[in-house]
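Undergrad: Model the full assembly from the supplied sequences, consistent with the hints where possible.
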Amino acid sequence: MNAFLKLSLGTAALLAVGFQACKPKNTSSAVSGDAAVKAYVPPGKYDEFYNFVSGGFSGQLSVYGLPSGRLFRVIPVFSVDPEKGWGYSEETKPMLMTSHGFVPWDDLHHTELSQTNGEIDGRWVFGNANNTPRVARVDLKTFRTAEIIELPNSAGNHSSPFITENTEYVVAGTRFSVPVDYANGDVPISTYKQNFKGTISFISVGKEDGKMDIAFQLLLPGVNFDLSHAGKGPSHGWFFFSCYNSEQANSLLEVNASQKDKDFILAVNWKKAEEYLKAGKGKKEKVRYARNTWDESTHTGKHEILEEVTVLDAVALKDICYLIPCPKSPHGCDVDPTGEYIVGSGKLAALIPVFSYTKMQKAIAAKAFEGEYEGIPVIKYEEALHGEVQKPGLGPLHTEFDGKGNAYTSFFVSSEIVKWNIKDLKVLDRAPTFYSIGHLSIPGGDSKKPNAKYVVGYNKITKDRYLPTGPELAQSAQIYDISGDKMQLINDFPTIGEPHYAQSAPAELISKNSVKIFKIEENKHPYVAKGEKESKVIREGNKVHVYITAIRSHFSPDNIEGVKVGDEVYFHVTNLEQDWDVPHGFAVKGANNAELLIMPGETQTLKWVPEKTGIFPIYCTDFCSALHQEMSGYVRVSPKGSNVPLTFSLGKNSSDAMSKENNSNGQ
Amino acid sequence: MKKLLLLAGIAALIYACGGGTQQDNTASDEASSSASSSSTPAPSDNPDGVGKFKDVQIPEKLDPALADKGQSVYDVKCSSCHKLSDERLVGPGWKDVTKRNTAAWIMNFVTNVDEMLNTDPKAQAQLEICLVRMPNQNLSDEDARNVYEFMRKNDGVQ
Numbered sequence: 000m001n002a003f004l005k006l007s008l009g010t011a012a013l014l015a016v017g018f019q020a021c022k023p024k025n026t027s028s029a030v031s032g033d034a035a036v037k038a039y040v041p042p043g044k045y046d047e048f049y050n051f052v053s054g055g056f057s058g059q060l061s062v063y064g065l066p067s068g069r070l071f072r073v074i075p076v077f078s079v080d081p082e083k084g085w086g087y088s089e090e091t092k093p094m095l096m097t098s099h100g101f102v103p104w105d106d107l108h109h110t111e112l113s114q115t116n117g118e119i120d121g122r123w124v125f126g127n128a129n130n131t132p133r134v135a136r137v138d139l140k141t142f143r144t145a146e147i148i149e150l151p152n153s154a155g156n157h158s159s160p161f162i163t164e165n166t167e168y169v170v171a172g173t174r175f176s177v178p179v180d181y182a183n184g185d186v187p188i189s190t191y192k193q194n195f196k197g198t199i200s201f202i203s204v205g206k207e208d209g210k211m212d213i214a215f216q217l218l219l220p221g222v223n224f225d226l227s228h229a230g231k232g233p234s235h236g237w238f239f240f241s242c243y244n245s246e247q248a249n250s251l252l253e254v255n256a257s258q259k260d261k262d263f264i265l266a267v268n269w270k271k272a273e274e275y276l277k278a279g280k281g282k283k284e285k286v287r288y289a290r291n292t293w294d295e296s297t298h299t300g301k302h303e304i305l306e307e308v309t310v311l312d313a314v315a316l317k318d319i320c321y322l323i324p325c326p327k328s329p330h331g332c333d334v335d336p337t338g339e340y341i342v343g344s345g346k347l348a349a350l351i352p353v354f355s356y357t358k359m360q361k362a363i364a365a366k367a368f369e370g371e372y373e374g375i376p377v378i379k380y381e382e383a384l385h386g387e388v389q390k391p392g393l394g395p396l397h398t399e400f401d402g403k404g405n406a407y408t409s410f411f412v413s414s415e416i417v418k419w420n421i422k423d424l425k426v427l428d429r430a431p432t433f434y435s436i437g438h439l440s441i442p443g444g445d446s447k448k449p450n451a452k453y454v455v456g457y458n459k460i461t462k463d464r465y466l467p468t469g470p471e472l473a474q475s476a477q478i479y480d481i482s483g484d485k486m487q488l489i490n491d492f493p494t495i496g497e498p499h500y501a502q503s504a505p506a507e508l509i510s511k512n513s514v515k516i517f518k519i520e521e522n523k524h525p526y527v528a529k530g531e532k533e534s535k536v537i538r539e540g541n542k543v544h545v546y547i548t549a550i551r552s553h554f555s556p557d558n559i560e561g562v563k564v565g566d567e568v569y570f571h572v573t574n575l576e577q578d579w580d581v582p583h584g585f586a587v588k589g590a591n592n593a594e595l596l597i598m599p600g601e602t603q604t605l606k607w608v609p610e611k612t613g614i615f616p617i618y619c620t621d622f623c624s625a626l627h628q629e630m631s632g633y634v635r636v637s638p639k640g641s642n643v644p645l646t647f648s649l650g651k652n653s654s655d656a657m658s659k660e661n662n663s664n665g666q
Numbered sequence: 000m001k002k003l004l005l006l007a008g009i010a011a012l013i014y015a016c017g018g019g020t021q022q023d024n025t026a027s028d029e030a031s032s033s034a035s036s037s038s039t040p041a042p043s044d045n046p047d048g049v050g051k052f053k054d055v056q057i058p059e060k061l062d063p064a065l066a067d068k069g070q071s072v073y074d075v076k077c078s079s080c081h082k083l084s085d086e087r088l089v090g091p092g093w094k095d096v097t098k099r100n101t102a103a104w105i106m107n108f109v110t111n112v113d114e115m116l117n118t119d120p121k122a123q124a125q126l127e128i129c130l131v132r133m134p135n136q137n138l139s140d141e142d143a144r145n146v147y148e149f150m151r152k153n154d155g156v157q
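Those sequence lines, one after another, are chains A and B. Residue 408 in numbering that gives the first Met the number 0 is what sits at position 409 of the first sequence, and the numbering runs on without skipping anything. Residue 93 in numbering that gives the first Met the number 0 is what sits at position 94 of the second sequence, and the numbering runs on without skipping anything.
In short, the hints are calculated from the structure, not lab data. Everything numeric in this text was worked out from a predicted model, so none of it was measured. Heads up, a few of these hints could be off.
Said to hold, decoys possible - The calculated DSS-like cross-link candidates involving lysine-lysine, where the alpha carbons are at most 30 Å apart (straight line), are:
id, chain 1, residue 1, chain 2, residue 2
1, A, Lys523, A, Lys511
2, B, Lys68, A, Lys518
3, A, Lys523, B, Lys82
4, A, Lys532, B, Lys98
5, A, Lys403, A, Lys425
6, B, Lys94, A, Lys535
7, A, Lys518, B, Lys53
8, B, Lys98, A, Lys515
9, B, Lys68, A, Lys523
10, A, Lys301, A, Lys523
11, B, Lys121, A, Lys422
12, B, Lys53, A, Lys611
13, B, Lys53, A, Lys192
14, A, Lys515, B, Lys51
15, B, Lys60, A, Lys515
16, B, Lys60, B, Lys98
17, A, Lys261, B, Lys82
18, A, Lys425, A, Lys515
19, B, Lys121, A, Lys515
20, A, Lys140, B, Lys51
TA: This is the structure we're talking about:
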């Protein structure tokens with residue numbers, strides 16, 4: 000940026016300060032100095048970071064740039080997306096299948112980037128489904144959902160999809176304990192204490208292909224598992240989960256699950272669990288859960304139902320699990336970059352307890368327990384405690400780290416981010432958020448190597464932040480520069496859905512691998528047409544398969560006759576383009592379906608069951624060239640039993656059009 | 000007195016805003032000039048066009064194996080828009096294309112589409128007739144050579 004521009008933007012920012020001084024105090028009072036310069040990414044320039052933001056109740060995952068806050072893409076994950084044909088095309092429907100059938104929506108709360116040696120490696124980003132418990136893996140070469148695995152014996156998968164430092168495992172836990180799937184679930188709700196169980200799943204992730212498998216599930220007392228983070232460095236081999244409702248209430252949890260002064264952080268020795276698993280201590284249980292995988296060569300999702308899971312009884316098998324008391328309904332459970340400190344955040348607490356991994360180990364060795372909870376040893380609070388941050392704010396939720404010995408904690412009730420020192424537990428700085436922050440995120444902020452340039456706050460309440468849009472508002476996010484001693488608010492942007500956790504990675508780690516096209520030669524879709532020569536229409540009973548190609552700017556074929564009312568017509572559209580950023584779209588009048596967006600070299604299928612006779616236009620929905628408006632065609636639908644022959648053609652002047660003979664003559 | 004101060008403040012505001020607007024213009028001028036410089040580079044009149052191929056030597060006799068490979072590339076990536084006769088579809092028909100252009104020009108055009116369309120006068124003349132920019136179909140160097148051989152076969156080379 001040239002100096003003149005900097006100066007001018009700086010002036011504008013100063014002006015804003017001056018302006019604010021004569022106005023009554025409002026939300027812009029926090030913006031100061033050179034904020035505009037710091038957040039400004041000039042047109043045509045790239046952002047420093049990709050920011051992968053959970054879409055909450057949208058079920059999707061959105062991708063923003065930092066520090067600009069510009070939205071680049073919404074990746075459809077757990078919810079259908081008619082714009083992209085996700086969940087509508089024949090190829091993508093299997094991705095949303097579960098043991099409950101096709102589920103078109105979910106609630107994606109947390110994103111977690113894959114790591115190698117405790118550092119973000121830029122290969123995949125995981126997301127959790129909170130409603131119908133699942134974990135998804137998104138491939139960052141294509142920014143598409145590559146795999147979704149369902150979790151049996153679970154409900155409300157919230158403490159997920161957090162990973163170990165080499166992405167050995169991604170975890171999942173039950174926010175809502177329920178009777179396990181292999182036991183009778185038709186029991187009175189009031190028998191929670193006897194019949195409801197908590198489970199935690201360790202899903203292994205293939206080193207090369209990322210393929211997910213449930214390695215084992217830990218069977219635990221019925222409580223609500225909330226959030227989690229893996230140990231790292233010295234604490235690698237352990238995983239920490241916050242849990243609330245140790246009261247085991249099944250009604251009015253707002254009151255009944257907030258009775259006790261302390262709930263727990265559950266420390267899981269997963270290396271020990273692996274030993275038990277190897278020793279054959281796991282019990283294979285009969286369950287049903289889905290695993291759906293996307294195949295990039297056939298451009299098609301595959302849905303399978305798996306019928307067995309290995310369960311380890313974490314109460315009967317000793318030394319896997321320990322509980323650490325944690326004040327007042329703990330939520331965030333965050334491990335610092337050294338792996339030594341575990342920060343618990345009680346939603347109703349007015350302090351932050353910080354636990355020490357070393358002290359915890361000593362306490363376990365010395366059996367410094369205060370007793371047991373449902374058969375699991377409870378370590379004495381003081382024996383595991385490093386110390387408490389006193390009066391940090393109200394309602395601590397989540398903590399991220401800067402790798403310089405400091406922690407940043409979000410406070411929902413007091414609407415602020417508070418920076419504090421992990422060693423001496425002193426508060427160093429506080430910055431207001433607008434309003435009621437939930438999660439916060441520093442690039443690499445939960446890894447061994449944070450890249451602590453920014454912290455982003457994801458807020459729950461928006462109110463007057465932007466121009467009003469009726470009762471329903473976008474959620475707001477705020478970016479703070481944390482390169483200096485003090486946090487500085489530099490930008491503010493609206494988000495889709497409701498953002499919960501988010502993660503960021505340096506742009507070049509991911510952009511260099513980004514796929515531009517799919518090679519048409521490598522397309523193994525069973526209905527691909529590699530070139531117009533292969534385009535055709537085939538009838539099999541009442542099924543009509545249209546092998547149709549798209550290239551700027553026509554379809555082949557574009558005139559089809561002989562389709563009858565009630566036929567199942569499958570348009571298998573192959574995009575013959577081999578150039579970046581030339582998708583074609585495809586839509587049919589009256590189809591009870593969405594559109595297709597077909598990337599270069601890809602084949603996607605739209606199913607259409609015509610219910611009326613007549614002429615039905617098809618057209619390209621994605622502006623592709625100067626003659627995009629011409630990219631269209633017609634399908635004639637005749638009555639059932641009509642003897643209109645099945646024919647297809649493209650343009651009188653096309654060699655491919657009238658018959659196959661024309662081509663074979665090689666004219 | 001208070002009013003006067005306020006007026007002065009407003010004046011300062013207006014002044015500063017004026018500066019800001021001017022700055023915006025400068026920035027956008029810069030952007031547009033850099034954009035236009037990339038879209039209208041100096042024309043090239045090299046008969047081989049622009050790209051990695053220069054003065055390509057082709058044996059007189061047809062290599063039928065190469066031509067066959069070239070035809071399979073044609074079927075997938077070219078036939079949607081180019082006929083083998085002299086008839087124009089989306090792009091020009093291929094009849095006699097090897098007589099109108101050097102081997103290097105054709106191979107440069109199919110592997111370096113955008114730069115050729117931006118700089119080569121012959122390619123630009125075709126664009127004016129067809130008005131559809133030829134898509135970059137990501138042909139490898141080998142594909143380009145094979146397609147050229149198929150074009151030669153189509154033009155009657157034995």
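Undergrad: Looking back at the hints listed earlier, which ones does the structure fail to meet?
TA: 8, 11, 12, 13, 15, 17, 18
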